[in-house]
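Chemist: For reference, the chains in residue letters:
Protein chains: 2
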Amino acid sequence: MTTATAYAAVDGAKLSSILATLPDVSARLGGKPNDWRVREVGDGNLNLVFIVEGPAGGLVVKQALPYVRLVGESWPLPLERSWYEYNALVEQSRYAPGLTPEIFHFDREQAMIVMEYLSPHIIMRKGLIRGIEYPRFAADIAEFLAQTLFNTSALAGPAADHKRRVKLFASNIELCRITEDLVFTDPYREAPLNRWTSPQLDADKRAFENDSALKVAAQARKYQFLTAAQALIHGDLHTGSIMLTSEDTRVIDPEFSFIGPMGFDVGAVIGNLFIAYCAQEGHEPSPGARDAYRAWILNQVAAVWNGFHDRFLALWRQAKAGEAYVASLIASPQDETAMESERMRFMRTLFEDSLAFGGLKMIRRILGLAHTEDLESIADPDRRAICERKALQIGRALVLRAAAFRDIADVIAAAKILAA
Amino acid sequence: MTTATAYAAVDGAKLSSILATLPDVSARLGGKPNDWRVREVGDGNLNLVFIVEGPAGGLVVKQALPYVRLVGESWPLPLERSWYEYNALVEQSRYAPGLTPEIFHFDREQAMIVMEYLSPHIIMRKGLIRGIEYPRFAADIAEFLAQTLFNTSALAGPAADHKRRVKLFASNIELCRITEDLVFTDPYREAPLNRWTSPQLDADKRAFENDSALKVAAQARKYQFLTAAQALIHGDLHTGSIMLTSEDTRVIDPEFSFIGPMGFDVGAVIGNLFIAYCAQEGHEPSPGARDAYRAWILNQVAAVWNGFHDRFLALWRQAKAGEAYVASLIASPQDETAMESERMRFMRTLFEDSLAFGGLKMIRRILGLAHTEDLESIADPDRRAICERKALQIGRALVLRAAAFRDIADVIAAAKILAA
Chain W
1 MTTATAYAAV
11 DGAKLSSILA
21 TLPDVSARLG
31 GKPNDWRVRE
41 VGDGNLNLVF
51 IVEGPAGGLV
61 VKQALPYVRL
71 VGESWPLPLE
81 RSWYEYNALV
91 EQSRYAPGLT
101 PEIFHFDREQ
111 AMIVMEYLSP
121 HIIMRKGLIR
131 GIEYPRFAAD
141 IAEFLAQTLF
151 NTSALAGPAA
161 DHKRRVKLFA
171 SNIELCRITE
181 DLVFTDPYRE
191 APLNRWTSPQ
201 LDADKRAFEN
211 DSALKVAAQA
221 RKYQFLTAAQ
231 ALIHGDLHTG
241 SIMLTSEDTR
251 VIDPEFSFIG
261 PMGFDVGAVI
271 GNLFIAYCAQ
281 EGHEPSPGAR
291 DAYRAWILNQ
301 VAAVWNGFHD
311 RFLALWRQAK
321 AGEAYVASLI
331 ASPQDETAME
341 SERMRFMRTL
351 FEDSLAFGGL
361 KMIRRILGLA
371 HTEDLESIAD
381 PDRRAICERK
391 ALQIGRALVL
401 RAAAFRDIAD
411 VIAAAKILAA
Chain L
1 MTTATAYAAV
11 DGAKLSSILA
21 TLPDVSARLG
31 GKPNDWRVRE
41 VGDGNLNLVF
51 IVEGPAGGLV
61 VKQALPYVRL
71 VGESWPLPLE
81 RSWYEYNALV
91 EQSRYAPGLT
101 PEIFHFDREQ
111 AMIVMEYLSP
121 HIIMRKGLIR
131 GIEYPRFAAD
141 IAEFLAQTLF
151 NTSALAGPAA
161 DHKRRVKLFA
171 SNIELCRITE
181 DLVFTDPYRE
191 APLNRWTSPQ
201 LDADKRAFEN
211 DSALKVAAQA
221 RKYQFLTAAQ
231 ALIHGDLHTG
241 SIMLTSEDTR
251 VIDPEFSFIG
261 PMGFDVGAVI
271 GNLFIAYCAQ
281 EGHEPSPGAR
291 DAYRAWILNQ
301 VAAVWNGFHD
311 RFLALWRQAK
321 AGEAYVASLI
331 ASPQDETAME
341 SERMRFMRTL
351 FEDSLAFGGL
361 KMIRRILGLA
371 HTEDLESIAD
381 PDRRAICERK
391 ALQIGRALVL
401 RAAAFRDIAD
411 VIAAAKILAA
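Protein chains in written order, with our numbering: chain W, 1 to 420; chain L, 1 to 420.
Don't take each hint at face value.
Since the list gives no way to pick one copy over another, a pair counts as held whenever it fits inside one copy or between any two copies.
[As the list claims (entries may be wrong)] SDA-like mimics (lysine to any residue), calculated; alpha carbons at most 25 Å apart, straight line:
#1 Lys32 to Thr21
#2 Lys390 to Leu418
#3 Lys320 to Ile178
#4 Lys320 to Ala191
#5 Lys167 to Thr179
#6 Lys167 to Trp83
#7 Lys390 to Val38
#8 Lys205 to Leu70
#9 Lys205 to Ala338
#10 Lys390 to Phe405
#11 Lys205 to Asp335
#12 Lys320 to Glu209
#13 Lys32 to Pro55
#14 Lys167 to Glu91
#15 Lys126 to Arg345
#16 Lys167 to Leu79
#17 Lys32 to Leu118
#18 Lys390 to Glu284
#19 Lys320 to Asp211
#20 Lys320 to Asp181
#21 Lys320 to Leu193
#22 Lys32 to Pro78
#23 Lys126 to Val41
#24 Lys167 to Arg94
It should be emphasised that the hints constitute simulated quantities derived from the structure, not laboratory data.
As the structure is a prediction and not an experimental result, all values here were calculated from the model.
So that you can see chain W by itself, here it is in the shape it has in the complex:
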């Protein structure tokens, strides 16, 4: 069926003609369509991304493509991911206002989201490569994680709301499948799309394929990813999904969102910070030149976890409407002591989950399909492989020793030793 509104990937002219039909959007741009400058800037793996600028202001248009951009039309991908991204952005902005881009328009059929143009924000990963410190990052991301993960869980509200969320996002099957395959499985076997720095890491890749304990631990985490319906998770919260300045932080691109394990988002942040930490050796002009920046990154790991932990607990302690752990049952001082002990047990489990998921996210960025610019931008493969090997060892320790780490300081101390 072909109609006037049937999906079609747009170019600049087509996009302008669509935006011209939207009065609110046109008003934000100002002037006439002829005055608008449209640039396609997508450098991600999946979508078209346009920056549109007019006399009065700019905006961003993200349109899903019916295939994986990184791979090509041979890997089809449903346009409906845009619908889940839109729904996730709406939920996230409800609970973490100011920490996501503002949405101006959504067109489900065109798989198109019109949203705020974040400027002069840059992708955090690029800032980490350049060695830029972001004073608000850790507190903002801790707030984002705590607010979105707590408030979309059964700890915060009615079971019926939770089940409706589960149902809505349960159909985001294909995007979840990408994570299931690329994070938990493919790095540990011979898969056609795997890449690694070769021949430098050939032996490492083989060792990971033969690491029985690690493979099984990865699959146990995959089972958790498939079954732990804890909260609406972003699902791809690496440092490429964070845009920021020194004053402002935004989380973008939640198209992988679904109701999954909370630790997957927390771990994505931590794991990608550790990747950035290991990559500094490939970016510093002389050995040790980035020592202070390395220390800053590790401080962010601690600040994100501790900030998240404290904020999440504070939200939980105040909550009155959660249907899990019904507040009115907790009446006496003894009840409160028992409940607080349960909260500590819950947070400890979440800590271990976060470490293990974070470690798996590190490994897949080095041995799997999708790599990170932190490491890819190190031109000399010998130098890159040294960084990558350290990241692999940290990732492996996070997965296998999650239960043994006392606290986040203990994790950071271990990472320093493994990267030494």
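Take the given structure of chain W and dock chain L to it, following the hints.
Modeler: What follows is chain L alone, placed relative to chain W:
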């Protein structure tokens, strides 16, 4: 909107006229509608149940009512539960053929399931009260549990199938809410619908309301019930949902089904066997007269758990298509050793889950709204209270000491001591 097919609770004449329009069903009954004998026999808490008998044979018709029959029209309940029951019966019969009633017809609008008339089967709970041994029970129920729980999990098949199951049953909100409230919360607070043997158990009820560790443990299990999307569970697998003879076992009434924690079903069976065990003292003509039957019941607890455990593991070891724990990753003897150790960890967790859920199901049957005939049929309240107090202590131990029991024999030994 009123149409010819709009929902209406039926009586015998109306039901016959509906069945007469269904050729396959009419053929099973034989003769003419005038020849059919229709009896309403529902003694459950929620629905109308008719036995229809004709010259050629009989069948059962179960029709949902738009309210909780046990309470009345003041507690509305969606007719759609019949749709989830139908879907669960279809899934269960696929994986556990011969262990559910055969379905002849389903009418979604009338919330009506036409199914096999099981005869001379009786409700197992009534058999347990009479002291009847069922030689096939343990093996059949172990098979039912293993086949349905394994095969509707991500251990057995594609993640996409699992997500479709999650989505379908996520809308069975109101029935899940009954469990959430009545099993995990109400017994531990003053709730208008709670009942208990009073005044004999007044102090026990108060003690449970003030038992901080138990309350918090119950809520932790409620959180698990709300978030652990492991498998299609029956959701109400007590001994009143089992009909059997000495040669045949069937599981009925899965209207509480949804994608939840596997241990909830296993625990329901175990907990209700322990209730039957404690109730024997109220049914035996002289002290000790039911000692052999008590031993039989405890043997069933062990046989159900051990049978389930072994069958579930066997299915898992053979499985090739599960997207959790991808079989092709397990290649070397070392891999197999690590995987087998993971399977043991998984089964140990499932053991503890089953004990804790089973204990909570026992407690709710004594201090909450819905009681069991095992105990209710003990006319003398003093004698009943003695049985109930023992069951409460076993239930409490199952919840709080789940992690401390070595194996099912250890659990049974503890139950004997608590009931002595």
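Chemist: All the hints need checking, so say for each whether the structure fits it.
Modeler: Each hint tested on the structure:
Proximity of Lys32 to Thr21 under the C-alpha cut-off of 25 Å is restricted to the intra-copy arrangement: shortest distance 11 Å within a copy versus 66 Å between copies. When the C-alpha separation of Lys390 and Leu418 is checked against a cutoff of 25 Å, the pair qualifies only within one copy, where the shortest distance is 6 Å, while the shortest distance between copies is 55 Å. Taking the shortest Cα distances, Lys320 and Ile178 sit within 25 Å of each other only across copies (20 Å), while inside one copy they are farther apart (37 Å). For the identical chains of this complex, Lys320 and Ala191 are inter-copy neighbours only, at 18 Å across copies versus 48 Å inside a copy, given an alpha-carbon limit of 25 Å.
For the identical chains of this complex, Lys167 and Thr179 are neighbours both inside a copy (19 Å) and across copies (19 Å), given an alpha-carbon limit of 25 Å. Proximity of Lys167 to Trp83 under the C-alpha cut-off of 25 Å is found in both arrangements, the shortest distances being 14 Å within a copy and 16 Å between copies. When the C-alpha separation of Lys390 and Val38 is checked against a cutoff of 25 Å, the pair qualifies neither within a copy, at 42 Å, nor between copies, at 76 Å. Taking the shortest Cα distances, Lys205 and Leu70 sit within 25 Å of each other inside one copy (22 Å), while across copies they are farther apart (62 Å).
Within a single copy, Lys205 and Ala338 get their C-alpha atoms only as close as 46 Å, which misses the 25 Å cut-off; across copies the closest is 19 Å, which meets it. Taking identical chains as interchangeable, the C-alpha atoms of Lys390 and Phe405 lie at most 25 Å apart only when both belong to the same chain, with a minimum of 18 Å there against 42 Å between chains. With identical chains, the CA atoms of Lys205 and Asp335 are at most 25 Å apart between copies only, with a shortest distance of 16 Å across copies and 51 Å within one. Proximity of Lys320 to Glu209 under the C-alpha cut-off of 25 Å is restricted to the inter-copy arrangement: shortest distance 19 Å between copies versus 47 Å within a copy.
Proximity of Lys32 and Pro55 under a CA criterion of 25 Å is satisfied intra-copy only: 9 Å inside one chain copy versus 82 Å between copies. Both within a single protomer and between protomers do Lys167 and Glu91 lie at most 25 Å apart by alpha-carbon distance, with minima of 15 Å and 19 Å respectively. For the homomeric pair Lys126 and Arg345, neither the shortest alpha-carbon distance inside one copy (37 Å) nor that between copies (42 Å) is at most 25 Å. Within a single copy, Lys167 and Leu79 get their C-alpha atoms as close as 18 Å, and across copies as close as 19 Å, so both meet the 25 Å cut-off.
In this assembly of identical chains, Lys32 and Leu118 lie within 25 Å of each other by CA distance solely inside one copy; the values are 22 Å within and 75 Å between copies. Only within a single protomer do Lys390 and Glu284 lie at most 25 Å apart by alpha-carbon distance; the minimum there is 16 Å, versus 70 Å between protomers. In this assembly of identical chains, the alpha carbons of Lys320 and Asp211 lie at most 25 Å apart only when taken from different copies (21 Å versus 46 Å within one copy). In the homo-oligomer, the alpha carbons of Lys320 and Asp181 lie at most 25 Å apart only across protomers (16 Å), although the nearest pairing inside one protomer, at 39 Å, exceeds that limit.
Within a single copy, Lys320 and Leu193 get their C-alpha atoms only as close as 48 Å, which misses the 25 Å cut-off; across copies the closest is 23 Å, which meets it. In this assembly of identical chains, the alpha carbons of Lys32 and Pro78 never lie at most 25 Å apart, being 33 Å within a copy and 54 Å across copies at closest. In this assembly of identical chains, Lys126 and Val41 lie within 25 Å of each other by CA distance solely inside one copy; the values are 15 Å within and 71 Å between copies. For the homomeric pair Lys167 and Arg94, the shortest alpha-carbon distances inside one copy (19 Å) and between copies (24 Å) are both at most 25 Å.
In this structure, the hints that do not hold are numbers 7, 15 and 22, in rising order.
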